[in-house]
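Q: Throw the hints in and build the complete structure from the sequences for me.
Number of protein chains: 2
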Amino acid sequence: MCLYRTIILLLLFIPSLFFLAAGGRDSRAEAAVLEYDWVVGYLAAAPDCVQKMVIAINGQFPAPTIHAVEGDTLVVKLKNNLPTEGVSIHWHGIHQRGTPFYDGSAFISQCPINPGETFTYKFVVDRAGTYFYHGHLAMQRVAGLFGLLIVSLPSGKTEPFSYDGGDLSVLLSDWYHKSIYQQELGLSSIPFQFVGEPQSLLIQGRGKYNCSLDLPPGGSAASSSPDCLQCNATNPACAPFVLPVQPGKTYRLRIGSMATLSSLNFKIENHNLTVVAADGRYVEPFVVDNLDVYSGQSYSVLLTANQDPTQNYWVGVNVRGRKPATPTGLAILQYLPNSERLLPPTPAPMGPVWNDFAVSVAQAQKYSAKKGLESAPPTTSHKLLIFLMTQSIINGYTRWAVNNISQVPSATPLLAAFKFKLWSAFDQTPPPRRPPQYTNNKHFDIFATPNPNTTHASLGNGVYVSKLGEVVDIVIQNTNTLVPNNSEIHPWHFHGHDFWVLGYGEGVFDPRNSTKTYNLLNPPLRNTVAVFPYGWVAIRFIADNPGVWPFHCHVEPHLFVGMGTVFAEGIHKLPHIPSQTLGCGLTKPTRW
Amino acid sequence: MCLYRTIILLLLFIPSLFFLAAGGRDSRAEAAVLEYDWVVGYLAAAPDCVQKMVIAINGQFPAPTIHAVEGDTLVVKLKNNLPTEGVSIHWHGIHQRGTPFYDGSAFISQCPINPGETFTYKFVVDRAGTYFYHGHLAMQRVAGLFGLLIVSLPSGKTEPFSYDGGDLSVLLSDWYHKSIYQQELGLSSIPFQFVGEPQSLLIQGRGKYNCSLDLPPGGSAASSSPDCLQCNATNPACAPFVLPVQPGKTYRLRIGSMATLSSLNFKIENHNLTVVAADGRYVEPFVVDNLDVYSGQSYSVLLTANQDPTQNYWVGVNVRGRKPATPTGLAILQYLPNSERLLPPTPAPMGPVWNDFAVSVAQAQKYSAKKGLESAPPTTSHKLLIFLMTQSIINGYTRWAVNNISQVPSATPLLAAFKFKLWSAFDQTPPPRRPPQYTNNKHFDIFATPNPNTTHASLGNGVYVSKLGEVVDIVIQNTNTLVPNNSEIHPWHFHGHDFWVLGYGEGVFDPRNSTKTYNLLNPPLRNTVAVFPYGWVAIRFIADNPGVWPFHCHVEPHLFVGMGTVFAEGIHKLPHIPSQTLGCGLTKPTRW
Chain A
1 MCLYRTIILL
11 LLFIPSLFFL
21 AAGGRDSRAE
31 AAVLEYDWVV
41 GYLAAAPDCV
51 QKMVIAINGQ
61 FPAPTIHAVE
71 GDTLVVKLKN
81 NLPTEGVSIH
91 WHGIHQRGTP
101 FYDGSAFISQ
111 CPINPGETFT
121 YKFVVDRAGT
131 YFYHGHLAMQ
141 RVAGLFGLLI
151 VSLPSGKTEP
161 FSYDGGDLSV
171 LLSDWYHKSI
181 YQQELGLSSI
191 PFQFVGEPQS
201 LLIQGRGKYN
211 CSLDLPPGGS
221 AASSSPDCLQ
231 CNATNPACAP
241 FVLPVQPGKT
251 YRLRIGSMAT
261 LSSLNFKIEN
271 HNLTVVAADG
281 RYVEPFVVDN
291 LDVYSGQSYS
301 VLLTANQDPT
311 QNYWVGVNVR
321 GRKPATPTGL
331 AILQYLPNSE
341 RLLPPTPAPM
351 GPVWNDFAVS
361 VAQAQKYSAK
371 KGLESAPPTT
381 SHKLLIFLMT
391 QSIINGYTRW
401 AVNNISQVPS
411 ATPLLAAFKF
421 KLWSAFDQTP
431 PPRRPPQYTN
441 NKHFDIFATP
451 NPNTTHASLG
461 NGVYVSKLGE
471 VVDIVIQNTN
481 TLVPNNSEIH
491 PWHFHGHDFW
501 VLGYGEGVFD
511 PRNSTKTYNL
521 LNPPLRNTVA
531 VFPYGWVAIR
541 FIADNPGVWP
551 FHCHVEPHLF
561 VGMGTVFAEG
571 IHKLPHIPSQ
581 TLGCGLTKPT
591 RW
Chain B
1 MCLYRTIILL
11 LLFIPSLFFL
21 AAGGRDSRAE
31 AAVLEYDWVV
41 GYLAAAPDCV
51 QKMVIAINGQ
61 FPAPTIHAVE
71 GDTLVVKLKN
81 NLPTEGVSIH
91 WHGIHQRGTP
101 FYDGSAFISQ
111 CPINPGETFT
121 YKFVVDRAGT
131 YFYHGHLAMQ
141 RVAGLFGLLI
151 VSLPSGKTEP
161 FSYDGGDLSV
171 LLSDWYHKSI
181 YQQELGLSSI
191 PFQFVGEPQS
201 LLIQGRGKYN
211 CSLDLPPGGS
221 AASSSPDCLQ
231 CNATNPACAP
241 FVLPVQPGKT
251 YRLRIGSMAT
261 LSSLNFKIEN
271 HNLTVVAADG
281 RYVEPFVVDN
291 LDVYSGQSYS
301 VLLTANQDPT
311 QNYWVGVNVR
321 GRKPATPTGL
331 AILQYLPNSE
341 RLLPPTPAPM
351 GPVWNDFAVS
361 VAQAQKYSAK
371 KGLESAPPTT
381 SHKLLIFLMT
391 QSIINGYTRW
401 AVNNISQVPS
411 ATPLLAAFKF
421 KLWSAFDQTP
431 PPRRPPQYTN
441 NKHFDIFATP
451 NPNTTHASLG
461 NGVYVSKLGE
471 VVDIVIQNTN
481 TLVPNNSEIH
491 PWHFHGHDFW
501 VLGYGEGVFD
511 PRNSTKTYNL
521 LNPPLRNTVA
531 VFPYGWVAIR
541 FIADNPGVWP
551 FHCHVEPHLF
561 VGMGTVFAEG
571 IHKLPHIPSQ
581 TLGCGLTKPT
591 RW
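Sequence lines, in order, name chains A and B. Start counting the first sequence at 1; every next residue gets the next number (the UniProt record's numbering). Start counting the second sequence at 1; every next residue gets the next number (the UniProt record's numbering).
Just so you know, not all the hints are guaranteed correct.
[Unchecked claim] Straight-line C-alpha distance at most 25 Å; calculated DSS-like pairs for lysine-lysine:
no.	chain 1	residue 1	chain 2	residue 2
1	B	516	B	383
2	B	178	A	178
3	B	79	A	421
4	A	79	B	421
5	A	178	A	122
[Said to hold, decoys possible] Residues from chain B that keep clear of chain A, each with C-beta distances beyond 10 Å, as calculated:
no.	residue
6	60
7	67
8	99
9	158
10	366
11	380
12	386
13	451
14	480
15	504
16	511
17	514
18	534
Hints are computed from structural coordinates only; laboratory data are not their basis. All C-beta atoms in this analysis are idealised placements derived from N, C-alpha and C, irrespective of residue type, glycine included.
A: Here's what the structure looks like:
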């Protein structure tokens with residue numbers, strides 16, 4: 001048995017490529033089956049030079065980057081080695097056509113994987129692009145359970161842009177020193193205890209708590225603060241992430257954010273970035289010198305190493321939309337053959353002023369679909385949903401609600417509930433298509449601080465059901481929070497779909513006039529879109545993917561207190577559901 | 001829905017007595033059904049005046065004490081409100097005859113209860129006595145998930161001892177500031193990181209971290225240490241637990257320990273204690289001035305308030321068997337009408353010297369069954385198992401093993417595996433009945449430090465299977481740990497059974513001669529017995545309870561790294577297993 005176990009252990013750390021066609025890994029012409037053996041477990045790590053327990057895959061934080069080719073089948077055998085916690089992994093941006101049960105959202109597409117169980121995800125990555133995977137049970141993503149999923153084009157297909165330097169990628173995140181259990185407790189306490197601002201910003205899982213604050217303009221990252229003793233630049237464990245480039249070359253840089261709370265701004269000093277793709281879809285190229293990246297979003301940008309090659313340059317990440325209380329996250333753009341330890345002689349780069357929302361809205365409006373490569377939306381929709389997001393007090397608890405429903409999980413996966421007609425698993429009253437506030441009070445003021453005693457919100461888990469093929473518009477309407485003069489950025493992510501972003505607006509959406517501003521010609525396709533303070537965003541999608549799909553704010557503490565919805569479509573065409581996804585709630589076995 | 005939820009919320013906190021015969025709650029002649037609605041969730045608490053997150057029931061730590069009457073049926077509806085963790089509750093000391101699926105050990109009697117699920121335990125408390133309930137999934141008990149279960153005699157039956165003052169109870173525990181997740185990570189790391197000594201000792205969930213150290217002989221518990229600012233005696237949140245007594249009266253005091261690691265010694269200064277019951281079984285009374293209480297054990301003692309009534313007295317708890325690094329846990333015996341804030345004028349009481357094991361062995365040997373009230377054991381047994389406990393290194397991990405098998409959980413509840421013949425759920429090779437070490441090396445030296453490279457131990461989850469009615473003897477043999485000159489106390493607890501403690505011995509158990517020292521006349525019946533350093537203990541039980549029952553060390557970090565075994569008996573007479581206990585591992589539904 002010992003020998004057997006040793007072999008198993010060895011296998012766990014070797015992702016095996018079962019079928020490889022001729023050509024390099026990222027330029028195959030035929031699809032392959034990529035098999036991974038993963039173990040989810042705790043890990044003692046110090047991503048920002050402060051010791052903390054993270055949830056890791058195969059002992060790695062961030063979790064290992066997957067490299068696949070469009071059309072490949074991924075087979076991920078996931079062993080849950082957490083002693084008491086269930087787990088599930090969402091494949092963020094993957095459409096899961098025909099495999100909605102492997103979308104990985106706990107209690108929606110599957111039961112949590114129990115401690116000690118092994119669960120096999122198997123699905124096709126049907127479109128090249130930059131995606132993610134991450135824990136999707138309560139706040140496990142915030143514990144570090146996330147990684148990049150990079151899907152390349154097969155040989156024979158070419159990108160609509162060119163670069164001669166190669167591929168680079170950076171996964172951005174914010175980082176908290178408090179455990180997720182304490183964060184979850186605080187969010188579900190009376191009085192409400194918010195998670196607060198993150199302690200650090202990480203680039204590819206590396207940051208420096210409280211160190212960059214002390215960074216002298218022309219000096220090193222070493223500091224005299226006792227907290228920073230270990231995070232001087234000569235400590236390899238705390239060295240910043242390095243992006244090496246050859247002078248004169250152009251690179252494709254993939255950038256994605258798995259932030260808990262923060263909207264991030266990404267900048268490389270002295271360098272422009274040409275945006276060419278977003279969320280795995282091509283966009284008409286445009287040039288920026290700093291890039292807004294909201295949680296759940298990914299970008300591809302072209303970067304040319306065209307600056308003075310005798311020095312290195314800072315890569316900097318800053319918080320947008322919330323008063324910054326977190327130092328700039330730093331990495332190094334290394335001009336080869338300079339040493340990676342050659343620190344740039346300049347101060348840490350700053351983005352736009354945190355509350356200059358006009359800048360962010362303007363950048364968001366620059367996106368349009370790449371002509372000839374992305375489809376245009378249907379010119380009309382079958383229905384319009386208006387989602388009014390409000391912060392409410394429900395039974396003393398501070399919650400977020402959409403049209404007065406604050407989402408709570410069902411104990412039964414909703415996909416199985418639809419498939420097996422387990423109607424008692426969730427609220428059978430459909431959630432409101434329009435804000436009840438508009439009916440009760442036509443003059444609902446999105447700029448006013450709501451009176452928590454009159455919000456009338458309640459907990460619920462009803463589902464928006466669409467007919468197969470239906471074209472649905474959703475307008476997400478922002479409001480003032482319970483804090484006077486405060487409205488926040490919310491990046492909404494849709495599982496199982498890309499949607500067209502038809503337009504953004506300030507103030508209250510007006511169904512008669514606001515629609516006139518829509519871009520129906522070449523709106524960008526995305527899976528995650530930001531709603532800006534006191535504004536709205538309009539999206540359109542086609543309900544053509546039989547399944548049950550969450551659509552929710554990607555800010556983890558917001559989702560945890562209810563800022564989410566669930567859509568079901570094609571429920572008469574749901575596929576057979578594998579047994580391994582069942583066993584909880586109403587899907588326990590009944591016939592032994 | 002809001003009103004409905006409010007009613008549910010109100011109900012959650014009212015344990016409802018569905019059937020009450022004539023007479024007081026603790027003196028009913030007829031059995032009742034007691035129904036409880038419980039919610040398991042996180043709670044911010046400061047049991048020793050240091051803030052920590054605990055796992056609580058209905059917001060209480062320790063969890064609420066259950067008061068029942070012999071023959072009652074308990075119905076506990078348990079809602080798991082933990083965001084990511086499963087949970088299960090073991091009813092420690094309850095035999096679960098006919099209901100082995102409600103014993104509450106995760107992956108043995110049931111699947112963990114998933115987040116959001118409600119699980120209903122329903123079983124008869126068939127014998128008066130002092131019992132416990134506690135979490136039995138990984139180390140959740142250590143997070144504070146435990147409470148007392150007190151079962152009284154029905155009216156018409158009388159105790160074989162008398163007291164005129166009433167009933168008192170104290171639940172003892174040790175307390176760690178590190179989270180269980182961090183403890184679990186350390187125990188499963190290379191190199192091994194032990195949990196270390198506890199920070200505090202709690203009496204009925206109350207202690208004072210680092211305060212009692214500074215206690216002046218004639219003064220108050222206030223201290224000048226910054227850590228102790230909040231834990232002076234005038235802070236009600238940090239006030240010690242109080243046992244109020246009327247001078248001259250005699251009380252029945254129930255004492256139980258849910259300690260993580262520590263063997264405890266309980267003492268009330270100036271007062272003798274007359275021991276009358278242990279683990280719910282009557283013993284011949286004997287008098288002590290300090291009482292050893294091992295984790296998982298309970299005692300009833302008679303206490304007479306016969307001292308100077310003008311003062312109060314310290315109740316003190318100290319660590320035995322490990323070099324103390326934890327201050328004495330303190331409560332107050334309050335002589336009414338003195339104020340409960342009248343602190344005793346004396347230093348904290350001390351127990352015996354920590355490593356005077358002879359004192360502990362001598363006290364353990366004082367126990368004998370109460371004549372006429374407890375049965376004698378069968379005079380012979382059908383088989384003898386010898387369990388050699390060794391500390392081992394397996395694949396680099398520090399583990400405990402029994403006969404070279406270090407227990408790992410199955411992903412499938414073993415009870416269901418036996419019932420449904422899911423033989424791939426666990427190792428089909430039965431674990432060794434005798435130590436392989438004795439075969440390989442007849443001169444195995446229990447006093448020597450084992451060479452971790454030659455222990456040949458391996459991970460496993462095989463089961464000891466007994467025929468129904470079989471009489472089984474088990475000898476648990478202690479050894480030296482991997483630390484030179486170190487052997488530790490291990491309290492072994494059996495689920496589903498009381499067993500006779502036939503005898504204790506020093507050194508190596510000798511099947512030919514050691515048995516001659518057995519007490520077969522009136523050995524005490526117990527469910528938890530301590531094995532002393534470099535010694536052995538012999539027990540006898542009758543395999544007459546169809547089910548699958550863990551028998552393991554009750555020291556949580558020892559169990560976590562493998563110091564446990566599982567017994568199955570009457571496997572052809574296993575009852576129908578409720579669906580709610582299934583759904584994990586191989587018990588997922590297959591026919592939808």
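Q: With reference to the structure, classify each hint as holding or not holding.
A: Structure-based check of all given hints:
Simply put, residue 516 (chain B) and residue 383 (chain B) have alpha-carbon atoms about 16 Å apart, close enough for the 25 Å limit, and the pair holds. Between residue 178 (chain B) and residue 178 (chain A) the CA atoms are separated by roughly 13 Å; this keeps the pair inside 25 Å, and the hint holds. Straight-line distance between C-alpha atoms of residue 79 (chain B) and residue 421 (chain A) comes to about 24 Å, which keeps the hinted pair within the 25 Å bound. Of the supplied pair hints, the one linking residue 79 (chain A) and residue 421 (chain B) holds, its CA atoms being roughly 24 Å apart against a limit of 25 Å.
A distance of roughly 34 Å separates the Cα atoms of residue 178 (chain A) and residue 122 (chain A); the hinted pair therefore is violated under the 25 Å criterion. The claim that residue 60 (chain B) is not at the interface with chain A holds, since no C-beta of that chain comes within 10 Å of its own (minimum 15 Å). With a cut of 10 Å on Cβ distances, residue 67 (chain B) stays outside the contact zone with chain A, its closest approach being about 29 Å. With a least CB separation of 17 Å from chain A, residue 99 (chain B) remains clear of the 10 Å interface cut-off, as annotated.
Against chain A, the non-interface label of residue 158 (chain B) holds: every CB pair exceeds 10 Å, the least being about 44 Å. Against chain A, the non-interface label of residue 366 (chain B) holds: every CB pair exceeds 10 Å, the least being about 38 Å. With a closest Cβ-Cβ approach of about 35 Å to chain A, residue 380 (chain B) is found to remain outside the 10 Å limit, as its non-interface label requires. Against chain A, the non-interface label of residue 386 (chain B) holds: every CB pair exceeds 10 Å, the least being about 22 Å.
Every Cβ of chain A is farther than 10 Å from the Cβ of residue 451 (chain B); the closest lies at roughly 17 Å, confirming the non-interface assignment. The non-interface label for residue 480 (chain B) is consistent with chain A: the shortest C-beta to C-beta separation is roughly 24 Å, beyond 10 Å. Here residue 504 (chain B) stays apart from chain A, with its beta-carbon at least about 33 Å from theirs, past the 10 Å limit. No beta-carbon of chain A is positioned within 10 Å of the beta-carbon of residue 511 (chain B); the least distance is around 29 Å.
Under the 10 Å C-beta cut-off, the non-interface status given to residue 514 (chain B) relative to chain A holds; the minimum distance is some 32 Å. Once the 10 Å rule is applied to beta carbons, residue 534 (chain B) is consistent with being away from chain A; the minimum gap is 29 Å.
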